[in-house]
Amino acid sequence: MSHKTLVSWDDDLEGATRRIAATALSPLCVLAGPGTGKTFALMRRLARLLQEGAEPERLLVSTFTRTAASDLARELAALGIEGVRNVRAGTLHSLCFSILSRAEVLDLTGRVPRPLLDFESRFLLEDVKGAQTGGIRQCEKRLKAFNAAWARLQSDDPGWPTDEADRLFQQVLIAWLRFHEAMLIGELVPETLRYIRDNPASPFASMFDHVLVDEYQDLNRAEQVLLDLLAEAGKLAVIGDEDQSIYSFKHAHPEGISTFHESHEGTAEDGLDECRRCPLLVVEMANALIKNNANRVERELVPRAANPKGEVFVVQWRSMKDEAQGMAQFVQERISAGEVEAGRVLVLAPRRQFGYAVRNALISVGVLAHSFFHEEAFDGDPKTLDKFAAQEAFTLLTLLAKRDDRVALRCWCGFGSPSLRSGAWARLRQHCEQTGETPIAALQRLAAGELTLPNTYELVARFSQLTDSLELLKGLQGQALVDTLFPTGQDWVGPFRSLASAMERDEFEPGELRDFLRVGITQPELPTDVDYVRVMSLHKSKGLTADLVVVMACIEGLLPRFDKDLSSDEASRRLEEQRRLFYVAITRTRRALVLSSVTQLPRDLAFQMGAHVTGGRRDWANTIASRFLNELGSSRPRAVRGETILRGALP
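Our numbering puts the first residue of the sequence shown at 4, with every later residue one more than the last.
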């Protein structure tokens, strides 16, 4: 079957998934739009394999997020098929860590699996930048390419840097990571890819008979090639949707699934196009929107006839405050009228400032709400005093748990300096590499006057401050530790205190708190069965559904948003991805959708959020509604002032 002749299923979902489950050819590629039952199809194929005698231990189901992995584990358990709990299901990164650990790759190569947080990577970049490696922006781009095994494009062969500047950057980067006894989370896939490629006789190279991959469009080329290798001894089946590809920042491209058949000979292709989730009106708008993307396979969502027509509101407010209060009142009215439950409301915002504003407004009108912007908990400039409190507090916790953590020591010593004290740290590092002395031992001798290194007095001052701080925290655990490190009354402590409140034990040690917070912030699980309104980013909403979905801040400069220095081609690709992100957001709903915008923003806040705005008064910048609203087509309701959709007056 050619790629241009995808089967158009006219029968019900049961029949479509029955065919997908029974397809014997390998590999299999299924294009499945939002709400078309791709998870059900994946489960049916897995059940069929188990019923036909496949060994559960030799089945891999790869998911994109921990939340999806958790949901899948529950679905697998519910199948009631013997051995189903032994199926390997989880994220590709968790599988890679398991393989590298079990094969003792990290031990044999001298790598320490201590992951770097994003703010810690800022210190790495400051240390590795230079005349030959480039400035911060160039190093940031190279770091992302390194994590993708240097496969920036879908056509690239992952594994090796071919550019001399890339090669030098990799050498400097690896040297930094080795000295600081750390790894980048993104390294797990390239390291596993290298291991599997170079060790074909390893049992891990042929450990699976069947590999099933969900959300294939979100994988970069290195991840795809690794899965190809893991499936060489068996069969590969992938499912996804190019119209929901939203991770170009990790070098994932929609072409990964749209051209799958070109790189996998004999591919059996299928499609799920009947949307069983979204209202008829939303499906029509979504189709009109995504057609504006030129570089895609021509296909449409087909609404199930039984779906409701749905409600769509396009509203605009004067300010962020008005928007937050107005949308909170709208949600509260709907809940009070029994039209929707709080746990079935999803509020999406392109920036956490909008999310926090509506969350607080919801709480103020008596609606329980939680925000999920934990990945931004460490926002702030480590170079600027009073703007890195969250980073410093977590670094202190890390050093309380492990005093010789080299990454944490590097960060602590650099906070508050325009250069992050990279020069002084470089001199300390050079001494340690020449003598074999550890950084903490050298700092202790510097502080005691037993060692002298030029221009390191600021490092000594910061280390002395660290010693005093650790002494004050000595012996603290449980809530007392949380209250000391993350005191109430500070704006930045919310995500940390919220996560800490979920600790199962009351008297937890510093190391337990550090690990729990680190996982919760970097790999958050988004609960699906809740009794409160969930507020999160558009990216985070992937895979979720709700009866009422509100998309905040639909304004130019945020939706879409892209850098001014992009080339014409890059800008075009970025715009198409931003359109796909908006497409993902609006197709989360089962009943009602609200698209909200504002006419002005505080100028300093707009700058802080990275919004591209112009005009206005001195302290305020004018904004206009997102171009994406107009692209929703003629069926989209007319935009109105926000107040007109409220049943009561604004407070």
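A portion of the hints provided could be inaccurate.
Unchecked claim - Once the Cα atoms are required to be at most 20 Å apart in a straight line, the calculated PhoX-like pairs of lysine-lysine come out as:
1. 132 - 144
2. 477 - 144
3. 294 - 144
4. 324 - 405
5. 147 - 238
6. 238 - 253
To be verified - Pairwise CB distance ranges (calculated):
7. 404 - 166: 18 to 26 Å
8. 204 - 568: 45 to 53 Å
9. 253 - 297: 47 to 55 Å
Hints were generated in silico from the structure; no laboratory data involved.
The beta-carbon is built from N, C-alpha and C at its ideal position, and this holds for glycine as well.
Outcome of the hint check:
Distance check on the hinted pair: residue 132 and residue 144 sit about 12 Å apart at the alpha-carbon level, within 20 Å; holds. Taken as a hint, the residue 477 and residue 144 pair is broken in the structure, with Cα atoms around 40 Å apart against an allowance of 20 Å. Distance hint between residue 294 and residue 144 is unfulfilled; the C-alpha atoms sit about 30 Å from each other, more than 20 Å. Between the alpha carbons of residue 324 and residue 405 the distance comes to roughly 43 Å, so the proposed pair goes past 20 Å and is violated.
This hinted pair does not check out: residue 147 and residue 238 have alpha carbons roughly 30 Å apart, beyond 20 Å. Proposed proximity of residue 238 and residue 253 is contradicted: the alpha carbons are some 26 Å apart, above 20 Å. Checked against the hint of 18 to 26 Å, the pair residue 404 and residue 166 fails, with Cβ atoms roughly 39 Å apart. Residue 204 and residue 568 have their C-beta atoms about 48 Å apart, which keeps the hinted 45 to 53 Å range intact.
Taking 47 to 55 Å as the suggested C-beta distance range, the pair residue 253 and residue 297 does not conform, at roughly 23 Å.
Of the numbered hints given earlier, the model fails hints 2, 3, 4, 5, 6, 7, 9; all others are met.
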